[in-house]
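One letter stands for each residue in the lines below.
Protein chains: 8
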Amino acid sequence: MDEKHLRKLLQEFKVGRKDAEAVLAELKSLPYRDLGFARLDTHRALRCGFPEVIYAPGKTDEHLRALVKEIRRDHPEKFLVTRLEAKRAARLRKKISGLTYFPEARLLTGKISEPASKNYIMVISAGTADFPVAREAEITAKVMGSRVKTLYDVGVAGIHRLLDSVETIQKATCLVAVAGMEGALPSVVAGIAGRPVIGVPTSVGYGVSFAGLTPLLTMLNSCSSNVAVVNIDNGFGAGFMAHLINTAR
Amino acid sequence: MDEKHLRKLLQEFKVGRKDAEAVLAELKSLPYRDLGFARLDTHRALRCGFPEVIYAPGKTDEHLRALVKEIRRDHPEKFLVTRLEAKRAARLRKKISGLTYFPEARLLTGKISEPASKNYIMVISAGTADFPVAREAEITAKVMGSRVKTLYDVGVAGIHRLLDSVETIQKATCLVAVAGMEGALPSVVAGIAGRPVIGVPTSVGYGVSFAGLTPLLTMLNSCSSNVAVVNIDNGFGAGFMAHLINTAR
Amino acid sequence: MDEKHLRKLLQEFKVGRKDAEAVLAELKSLPYRDLGFARLDTHRALRCGFPEVIYAPGKTDEHLRALVKEIRRDHPEKFLVTRLEAKRAARLRKKISGLTYFPEARLLTGKISEPASKNYIMVISAGTADFPVAREAEITAKVMGSRVKTLYDVGVAGIHRLLDSVETIQKATCLVAVAGMEGALPSVVAGIAGRPVIGVPTSVGYGVSFAGLTPLLTMLNSCSSNVAVVNIDNGFGAGFMAHLINTAR
Amino acid sequence: MDEKHLRKLLQEFKVGRKDAEAVLAELKSLPYRDLGFARLDTHRALRCGFPEVIYAPGKTDEHLRALVKEIRRDHPEKFLVTRLEAKRAARLRKKISGLTYFPEARLLTGKISEPASKNYIMVISAGTADFPVAREAEITAKVMGSRVKTLYDVGVAGIHRLLDSVETIQKATCLVAVAGMEGALPSVVAGIAGRPVIGVPTSVGYGVSFAGLTPLLTMLNSCSSNVAVVNIDNGFGAGFMAHLINTAR
Amino acid sequence: MDEKHLRKLLQEFKVGRKDAEAVLAELKSLPYRDLGFARLDTHRALRCGFPEVIYAPGKTDEHLRALVKEIRRDHPEKFLVTRLEAKRAARLRKKISGLTYFPEARLLTGKISEPASKNYIMVISAGTADFPVAREAEITAKVMGSRVKTLYDVGVAGIHRLLDSVETIQKATCLVAVAGMEGALPSVVAGIAGRPVIGVPTSVGYGVSFAGLTPLLTMLNSCSSNVAVVNIDNGFGAGFMAHLINTAR
Amino acid sequence: MDEKHLRKLLQEFKVGRKDAEAVLAELKSLPYRDLGFARLDTHRALRCGFPEVIYAPGKTDEHLRALVKEIRRDHPEKFLVTRLEAKRAARLRKKISGLTYFPEARLLTGKISEPASKNYIMVISAGTADFPVAREAEITAKVMGSRVKTLYDVGVAGIHRLLDSVETIQKATCLVAVAGMEGALPSVVAGIAGRPVIGVPTSVGYGVSFAGLTPLLTMLNSCSSNVAVVNIDNGFGAGFMAHLINTAR
Amino acid sequence: MDEKHLRKLLQEFKVGRKDAEAVLAELKSLPYRDLGFARLDTHRALRCGFPEVIYAPGKTDEHLRALVKEIRRDHPEKFLVTRLEAKRAARLRKKISGLTYFPEARLLTGKISEPASKNYIMVISAGTADFPVAREAEITAKVMGSRVKTLYDVGVAGIHRLLDSVETIQKATCLVAVAGMEGALPSVVAGIAGRPVIGVPTSVGYGVSFAGLTPLLTMLNSCSSNVAVVNIDNGFGAGFMAHLINTAR
Amino acid sequence: MDEKHLRKLLQEFKVGRKDAEAVLAELKSLPYRDLGFARLDTHRALRCGFPEVIYAPGKTDEHLRALVKEIRRDHPEKFLVTRLEAKRAARLRKKISGLTYFPEARLLTGKISEPASKNYIMVISAGTADFPVAREAEITAKVMGSRVKTLYDVGVAGIHRLLDSVETIQKATCLVAVAGMEGALPSVVAGIAGRPVIGVPTSVGYGVSFAGLTPLLTMLNSCSSNVAVVNIDNGFGAGFMAHLINTAR
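Protein chains in written order, with our numbering: chain A, 1 to 249; chain B, 1 to 249; chain C, 1 to 249; chain D, 1 to 249; chain E, 1 to 249; chain F, 1 to 249; chain G, 1 to 249; chain H, 1 to 249.
Because the hints were derived from the structure by calculation, they are not lab data.
Note that beta-carbon positions come from the ideal geometry of N, C-alpha and C, so glycine has one too.
Mixed in with the good hints, there may be bad ones.
To be verified - A few chain C residues facing chain D, derived, Cβ under 8 Å:
| no. | residue |
| --- | --- |
| 1 | VAL15 |
| 2 | ARG195 |
| 3 | VAL229 |
| 4 | ALA248 |
Said to hold, decoys possible - Just the calculated beta-carbon pair ranges, DEER-fashion:
| no. | chain 1 | residue 1 | chain 2 | residue 2 | range |
| --- | --- | --- | --- | --- | --- |
| 5 | B | ALA248 | H | ALA90 | 55 to 63 Å |
| 6 | H | LYS171 | G | ARG73 | 26 to 34 Å |
| 7 | F | GLU85 | D | ALA90 | 23 to 31 Å |
| 8 | G | GLU104 | E | THR150 | 39 to 47 Å |
| 9 | D | PRO57 | H | ALA90 | 35 to 43 Å |
| 10 | D | ARG65 | E | VAL166 | 56 to 64 Å |
| 11 | C | ALA116 | D | GLY98 | 44 to 52 Å |
| 12 | A | LYS111 | H | SER165 | 49 to 57 Å |
| 13 | H | GLU77 | G | ARG73 | 48 to 56 Å |
| 14 | E | LYS118 | F | GLU85 | 44 to 52 Å |
| 15 | B | ALA248 | H | SER165 | 35 to 43 Å |
| 16 | H | GLU114 | B | LYS87 | 39 to 47 Å |
| 17 | G | THR60 | E | THR150 | 51 to 59 Å |
| 18 | G | GLU104 | A | LYS111 | 48 to 56 Å |
Take the sequences, apply the hints, and build the full model.
Printed below as a string of C-alpha cells:
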C-alpha cells in the first residue's frame, strides 16, 4: 500500500471509477488472508522478500497442510516450515507433492536452486552435537537463495582446527557461528573474520550450561565487536539474518 | 601474514637474501605491538577494515594517551575511543589536537567524512532516555564511514509515530533499534522492514526491567526473524555491526 | 455476616428467641462447608458474585465430583472447573449431567447465557499457539456473564493485522492481551486502546522465553500505563479480572 | 482519525476543496508534535482520556519545562509529571506558576478537583515504608478524577487491623494493594473484596526480598483470582489502572 | 565419647587393663558402622534422640533393606524412611514385617505410640494440593513422639476459614505452616500465634511459582518475626524441627 | 477477644448494662492504636509475649520517637528498635532517657535483666565479619529474656575450633548459626547438636556469594534435619525464634 | 610443529628436497583427522598426554564405533568414552573386543594398569547418591594412570566419619570432593588437607538445590583457599584435573 | 596432634610424668590462639604449609595490626594480607616495619625470595582491565614460593597474540587464566597446554557480564577438560591453588 497506489486510488475515486465505499474498503483492507484459525501475512513477501515462514510446533496437521497450500499458491518453491518433526513431515509429504525435507535441520521446503552470486555465508559449529542447529542455519540460508560454505566440529579446545581455514573464513560475506557449552567460538571467529558474525547458542551441554543460557551470555559479552546474537537453538533466525546480510541492497 | 607474503619470504630465504634466523623471526613475529601495559592489535585494520577500538574504562589517562597516539600513527582520522567520560575527554584533548568528542555518545574520534554511498543505516530509539545509546550507535557507524538516518522517541505505546516513517524504514540497508523497558521496538520495526535489524537493549527502566535484562530477553525472543541482538547499552557494537552490513562486500 | 444481621441476632437474643449458646454458635459459624478433604468457601458467591472456582490439578476424580455437586446445589449453572484435562472431563460428564466442556480452554461449566449488556471485553492473542490461553480467558468471562469479542493471531511482527481492528479495540470496556515469545502485544494494544488491558504471558516459545518468564517481564515493563499482568498461562485469572472490570459497580 | 473524518476528507477532495497533495499530507500527518528532543503524543488525550504523562528521570530541566508548557497549552490542569525529585520540582515551580507538588509521591500536577461520582477506589498499604508508593497511586487516581479512600499500615502480621475495615473494602469499586517484603496483602484483600485488586510490589525489604522481586512473584501467584499486578514501585501505573476501572464506560 | 568415658579409659590404661594399642584404637574408633555401600551414623540416636533417618531416593532395594534391618537392630520401632514410593514400600514390607507405610506422606516407619505430653504441634496447610507435604510433617512429628493437630485447606483467599481456629492455633507449642503458590499462610499464622512457626513452601503452583521458589522467598521475607523456613516440599524437616521445639529440654 | 469476654459482653447487653451500639462498637473495636502515620499493634504483647518491634529504616526521627514512647507506656523496659544507625540512636537518646544502644547489633532497648532459667541459647558465627549479625541475634534473645552463650569466628575451614566446644553446643536448648560465604556452619553444628538450629545467612562475601543468597541456599539444603533458616542478615528474627524455642510452653 | 621441525623443513626446501608447494602444504597441514562427521584432534596426545576423550551423548552408534576404532589405532589401551549408557556400551562391546565398561561411572575404556608411583589421589563423597559422580572421577584418574584411594558417604552432618580418616586425607597428593545438597564437603576437606582440592557439585538434592547449582555456589565461595571447582556432575573433569596435579612435571 | 605425639603423651601419663588433668587438657587443647576478637588458626602452617591468610575487609585497623604481629611471631616473612586498600596499607606500614605492599594486587606481605625450582606457573590475562586480578594471582604464588611467568592482555579477539607464546605456555607446570566479559581465555589456553589451568573470572564487563557471572559460567562449561574454576575476582585463591599444584609432593 504505497503512495503511488494511494494516488491512483484517489484518482479513480475522483473520476468516479470507484465510489466512497470501495475506497474505504480498500484503504482498510489489510494485506493478510484470514484462514479462520490463522491470519496469514501475505504482504510479507513484498516487505521482506520471502513469504511468511511457518513455525510447526503447536499447529495441527490439518492447519499445517492448509497453510502450506495457501503459501505455495503464490510461492510454489520458495517457502519454509521450521521445527517440523520427521513423522509429521512424512505425513505431509504423502498429501502434498514436491516437498523436500531435511531431517537434522527439521526443515521442509520446496526446492533449492543454485545461487547466482559467488558471495557466500560461512556456517561454523563447535561440536558434533551442535550439528542440527548449524544445519538449520545452513539450509535456511540456501532456501532463501544464498551460497553457503560450512566448517563443522572446530571447537576452541583444539583451536588449530579452526586456524586451518582462516582464508575461507576471511573471504565470507557473513558468518554464522554455532556453539553450546561455553560458547566461545563466535568471539574467536569474529576475531579472525572482518565481517558480521551471527552467534547461535545451542542447548548442548549439562550442569551450568543451563540449556544454552551460558553460551548465549558468552556471545553477548563477546570482546569482538562484530558479533550479534539470536535466541538459543535458533538456527533458522541466524540463517535468515545471514542471508539478508549476504544479499546487499 | 598472507600466502603471498609467505611465498615471497620463502623465496628470499632460498636465494639467500634472508637467513634461517630471520625467516624464523618473521614467521613468529606476530602482528601486534607490545606497549608494556598493553598489546595493541595492529593487524586488526587489515583483518576488519578498522583499527583496534579503545575501550576507555579501567585505563589510566596516560595509557589512553599512549594508545591514541600509537593508533593515530597509522590511522590519523579513523579511530575510536568508547565510553569516555567528558572530563577525561577534555583532559585528553588538551594534550592531543585534532580530536572530536561526542558527549552523549561518550565517543572520541578524529573527524567524520561525508560517506560516498547513498545506502544508509537507520537508527531508531524508543524513548528520550535511550538517546545516549542510540547516539553511540549513530556516531560509531558514521565514524566507520556509513550514512545514517535517525528516528528517535518512537516507542510502541504510540505506534503511529513509528508508522509515519514506514517508507524511510523500508529503504534502509540495515537498522538499529534501541529500547529499554519492555524492549518491543525491534520486533515492530523488523515486522515493517525487510532488512536486518540489530536490537540494542538499554538499561533504561526500573523494577523488573533488571537494568536491561528484560528488553534483552524480549529482543532475543522476537517473533520477527530479522532481528539479532547485542549486549545491554552496547550502542557501539550495534553501530559497528550495522556498518559492516551496510558496506556490502 | 453483615451489621444488619448482627443487630437482628442480638435482638433475638435479648428477647429470648435465641439463647447464648445459639448466638455464640452463629457468631462462630464460618461461611464454609467442611467436606473432610476440603473446606468449600460457600461465602464467596456473596463476597465476589461467583462461587468458588475449582482448580482441577491435584484433586482425585471423586473429590472433583463431590465438589461440583456441592457447588451446583447452590449454583446449578454458574460454576467453573479450570485446567481440567479432556479425559477427566469425559469421566465426570458420564456421572453428572448438564455439564459443558471446552477442550482447548480446559474449562468445565454449566451453560452460558446471552449477556444483557452491550458492553464487551476484547480478547486479543499474538500467535496461533497462544490460542488455548486466550480461549480460557474468553470462556471464563462469558461464563461469568460478560460479552466477549476476540481477535486472534495478530502478533506484532505484522502490526497491520492489529491496526485493522482499531475501532473495535477502542470501543471495548476492557481488554485481555495474550502473548508468548517476546510478549509485546499488550503494550501495543494498550497504546491504541484507552481502557484497562490485562496482559497474559504464555509459555509459548523456546530458549530464553523461559517458559513465559520473558513475556511476563516484558508486560510488567510496559511503557503503556494501562496494563496490569497476571501469572503465566493464567487465562482464567485474566478473564475473571476482565469480567469484574466490565461489570461496573 | 476516524471513519467520519475520512469520509469528509474524501468528499472535500472530490469537490475540489482540497487537492491530492493536501489529502495525502493529512492522511499521513500523525497526531504528535515533534519538539526536536521528543515526539509528544498529542493524540493520547483522545485515545486514553488523559494527555501523555511525563516521566521525569533522564530529562533535562529545560526539556521538562518545555514538555510541561506544551501539554498545559491543551490541558491547563489535567496533567502529570511522575518521579520528580523535590529539588527539580522547586526549580520548575519557580519558572511555571499554578503547579502543585506532592513530595512523598514525587508527583507534579495542576490542581485536583472534587470528583463527581460517589464511586471510590481504595488504596491499602502494608507497612509505613510502603507509603510513598501508595501515595503515588492515591494522588494519580485523584488527578485523573477518581475519589480515593486509603487504609495504610495494615500488614498481614496483624490481620485484625485489616479486618476492621472490611465493609469499606467491600464497597470500593476497585482496590490498589501496596506491599513490600512478602507481599501477601493483595491476596488477603482480594479474598475479602469482590472487586478487581491491582497489586503493587514495593522495593521495601532486605535480603531475599530482592528489591521487590519477591512481593511481585507473590502477587502474581495469588490464590485469589481478582488480582492483577504492575511493576515494582509503580504506584502511578496502579493508580492509572484503578481510575480506568473506577470510571465505567 | 565424653570426658567421663575418657577418664575411665585412661585409668584402665594406667592400671594395665588396656594396652596402648587398645586405647589408641578406641580413641580413634568412630561411632559409625561401615556397611560397605554406606557408613551408618549409629551415634546419632545419642546425639539427636532419634536414629539416622533413611532418605530413600537413589538407594537400591537391597541397600534399603539392609539399612532398615541395621537400624531396627537398635531401634525396633523408632525409625523412619522418607520419600519412599508406594511400590518400593510394598516390596520392602513383603521382606520385612512390622512396617507401617503412609502413602501420601511417602513415609515408612515402625509403629506410632500415643504421646505422653498434652503439648501439641499444629500443622496447617493452604490448599488441597499441599496435603502430601503437610501430611509428611504430621506423620514425622508423630513418629518422633509428638502430639499433632491439623488444619488443612485454609488458604488466605478465604481468611475466615483460618480465623475460625484462632484458639487452637494460639495454644499450640509450635506450628508448621505449609503453602505453595504465593506462600502467604505462615505470615498470617505467625501473626495470630505467639509461638515458633516453621514455614514449608511447596512446589504446588504454575508459572512464576517456580516449583516452590516463590513461596520460599515469601516465607523468608515474612513480616512476622516468628517464622523460620525449610527447603521446598521438606515436610519431613519441618516435622522434625517442630518435634524438637515441642519437646522442651 | 476470647469466648469468655464475649459471654460477659452478651450478658451485659441482655441485662441492659450495655446497649446495642456499645456492643457493636466493642465487637468491632480492634486491638490497635491509630497514630495517624502508623497503626500500632497493641494486642501483640498478649498474642506473642512481646510488644511490636520497631523496624527503624524508612521512619522519620519524629515517628520513631512517638512509637518508642507509645510502646514504653505499656512496656517500659521490654521493647526493641532494630536496624537503628548509631547517629539516629544518639539523637533519640538525647530526647528519651533510659535507653540502651548496642552499636554493632544496631539495636535499641530498655534494659536487659538476668534471665531466671539456666537454659541457654548458643549463638555461633563463622567469621569475624559475621559478628554484627550474630550480635543482633544474641542481644535480641537477651532482651526477650533468654540466657545466651556465644562462640564466634569458628568457620569450617578450621573445624577443630568448633569441635573444641562440642559439650557446650550439645547442652544448649537451641542454637543460632550465623555464616556468610559458603554458609556451611549450620549443617556442621546441627550434625553435632541434637537440638533445633536456626541458620542465619549473612551478606558477607564477594563474587558468587550473591550478597548472602549462596549461604541461604546452602542452609536450606542442609543434610542435617534440624536446621531452619531466616532471611539474609536477619539476626533479629533468629534471636526471636531462638528465644521462643528456648522458653518452653 | 615445533621450531626444530620448522628448521628441518626450511632446510629441505633450501636444498631442493621439497618444493614451495610442499612446504606450504605442510605449514598449513593441521594435526587432526577429518572423519567427515567429526574432526578428530589427533595432536592432543602430544599436547596433553592423553588422546581426545569421546563424549558419548549426541553421537550415533556408528560414529561412536568409528571414533573408538580411530583412536585405538594409535592408543590401543589408553582411551576413554564418557557418559555412555549401559545399553550402548553393550552394543559397542559386541562389535569391538577388549573394552572395559564401568556402569555406575558410565565410562568405557581399554584396560587399567597398576600405577608406578605411590602418590595417590583421594576421592571423597558426601552421600550414597553422589556415588556415580565420585566413581566417574575415580575411574577417570585410574585410566589416566594415577593411584586412587576413596572415602565415600562421609557427609558433614556426621563430621566424625570424615575425621576418622584425617591421616589418609593429609597424605594425598590431591583430592576430589564430591557433594550435592549443600555441598559443604570440599570446604571441610580442604581445611584438613594441605593440598589442592577439586570440588565437584552433584545434581543430588531437591527444591532449592537447583539440580546442583547450590552446591556449586557453595564450593566457589569456600572459605578454604585450596579449592577449585568443575561443572555439576563433572566427575570426569575432576578426575582428569586430579591426575594432572598428581603427576608432577 | 598426630599418633606419635599421642603415644608419647600416653607414655608420660603412664609413667606419672603427667597427671590425668594435664593429659585431658592437652587432648582438648586445640591448635588455635584466641585473640578475643578472632581465633587464629595457628595449626594451619603445619596442615597447609602456609600460615592463615588475613582477609582485610571488615576488620578494624587495630585488629589487623594485632593479627599481622601475631602471625609474624611465628612466620616473620611468609605471610599474606589480601584485599587491603592502599590507604590502610600505608597506615599499617607506619606502625609495623618490614612490610611490602603491592597496590594493584592489594596484597601486603613480608619479602619475596627467589624460588629454588625452575618449575614455573604461567599467569595469563585477557584484557588490560583484568590486570589487578591477574597480578593478585601472580604475587600470591610468588609469596608462597613459586616461580611465575606472565602473559597479559591476550584476549581471544586477537588470538594470534596468544599463539605467539605457545611454547612458554606448554612448558609451564600449571596455568592461571584470568578473564572477564565472555571468559573464553581458559578454554583456549587449556586446549594448547597439557597441564592444569585454573580459570579466574573477573567482574570486568557490563550488561549481561553480570559482574563476572558470565565468565564464571563460561569457564565451568569449558570444553577443555583441564580447567577448574575459582570465585569471581579471586586471584588470591587461583595463585594459592597454582602454587600447591606447582610444588609437587
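Now the hints, each set against the structure:
Look at VAL15/C: its Cβ only gets to about 26 Å from chain D, farther than 8 Å, so that hint breaks. Among the interface hints, the one on ARG195/C holds; its C-beta lies about 6 Å from the nearest C-beta in chain D, closer than the 8 Å criterion. The criterion of a C-beta within 8 Å of any C-beta in chain D is met by VAL229/C, whose closest approach is roughly 5 Å, and the hint holds. Satisfaction of the interface hint for ALA248/C is found here, the shortest Cβ-Cβ separation to chain D being roughly 3 Å, below the 8 Å cut-off.
A C-beta distance of roughly 59 Å is found between ALA248/B and ALA90/H, which places it inside the suggested range of 55 to 63 Å. At roughly 29 Å, the beta carbons of LYS171/H and ARG73/G sit within the given window of 26 to 34 Å. For GLU85/F and ALA90/D, the hinted distance range of 23 to 31 Å is satisfied, since their beta carbons lie about 28 Å from each other. A C-beta distance of roughly 42 Å is found between GLU104/G and THR150/E, which places it inside the suggested range of 39 to 47 Å.
One distance hint, 35 to 43 Å for the beta-carbon pair PRO57/D and ALA90/H, holds here, with the actual separation near 40 Å. Range check, ARG65/D to VAL166/E: about 58 Å between beta-carbon atoms, so the 56 to 64 Å window is met. The hinted window of 44 to 52 Å between ALA116/C and GLY98/D holds, with their beta carbons roughly 46 Å apart. At roughly 51 Å, the beta carbons of LYS111/A and SER165/H sit within the given window of 49 to 57 Å.
Range check, GLU77/H to ARG73/G: about 55 Å between beta-carbon atoms, so the 48 to 56 Å window is met. As the Cβ distance of LYS118/E to GLU85/F is approximately 46 Å, the hint placing it in 44 to 52 Å holds. At about 38 Å, the CB distance of ALA248/B to SER165/H agrees with the hint of 35 to 43 Å. Against the hinted window of 39 to 47 Å, the Cβ-Cβ separation of GLU114/H and LYS87/B comes to about 44 Å, which satisfies the hint.
Distance hint check for THR60/G and THR150/E: the Cβ-Cβ separation is about 55 Å, which falls inside the suggested range of 51 to 59 Å. Range check, GLU104/G to LYS111/A: Cβ separation about 51 Å, and the 48 to 56 Å hint holds.
Of the numbered hints stated above, the single one contradicted by the structure is hint 1.
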